[in-house]
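Required output: the full structure, derived from the provided sequences and hints.
Taken in order, the sequence shown gives residues -25 to -1, 1 to 192; the numbers are from mature numbering (1 follows the signal peptide of the UniProt record, and there is no 0).
It cannot be assumed that every hint is accurate.
Beta-carbon label-pair distances, calculated as ranges [to be verified]:
hint, residue 1, residue 2, range
1, 113, 19, 16 to 22 Å
2, 10, 163, 24 to 30 Å
3, 89, 27, 26 to 32 Å
4, 85, 171, 23 to 29 Å
5, 171, 57, 49 to 55 Å
Source of the hints: derived by calculation from the structure; they are not laboratory data.
This one's a predicted model, so the numbers in the text were calculated from it and none came from an experiment.
Here a beta-carbon is modelled for each residue, glycine too, at the ideal position from N, C-alpha and C.
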Amino acid sequence: MKKHILSICALAVLTLTAFSCKDKAKEAETKAAEEAAVAEVASDTYTVNTAESSIAWKGYKPTGSHDGTINISNGSFELTDGKIASGTFTIDMNSIVVLDIPAEDEGNGKLAGHLKNADFFDVEKYPNATFEITGVTETEGKTMLSGNLTLKEKTNNITIPVTINTANNGLTLTSETFTIDRSKWDVKYGSKSFFDNLGDKFINDDIELQVTVKATK
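This is the structure:
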């Protein structure tokens, strides 16, 4: 009977592990910053519609997770023959919002404030983050967008799978859900990459992101 119970427990652990691995978003390929893409021939300019563009985020710790959004404050794309040739957009780090805690709860403001202070993104010193396109390629049937992501004046190049649609003088760019390793941008609070002996008080380095950008010609 004891062996039977142990077998059931072991199976449950393996099942949970399998689901965790399956559900975890893939980390974006990350490397050193590259030269920004430049539209070399006549192109059309699309301006980002900030009211319809945002980034969804999710962070994890041993006891659970939190999620929310960040606004995109401006940006534009250059298209040549209907394809993105270059572009950039700015992320308003002061606009970090927490969605999993009711807005009226004290915990909502405390978490949002903590994310904005010097422990995490230090938005007073670094109010904006930026993404600057370095290339768009097709790989195994997927559109892969590469660009320099700058956070806290630290820049790395990331490559993420996206869907790009153009119609009626509009453009919609939607990424698959992906993760970045915050330690590569020197976001240190509660990170095992920087601190020892955190026990179960650590916060995962991976931040899950999903980008939606809409623009008009």
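Now the hints, each set against the structure:
| no. | hint | verdict |
| --- | --- | --- |
| 1 | 113 / 19: 16 to 22 Å | 21 Å, holds |
| 2 | 10 / 163: 24 to 30 Å | 29 Å, holds |
| 3 | 89 / 27: 26 to 32 Å | 28 Å, holds |
| 4 | 85 / 171: 23 to 29 Å | 26 Å, holds |
| 5 | 171 / 57: 49 to 55 Å | 52 Å, holds |
Hint check: no violations occur; every hint is consistent with the structure.
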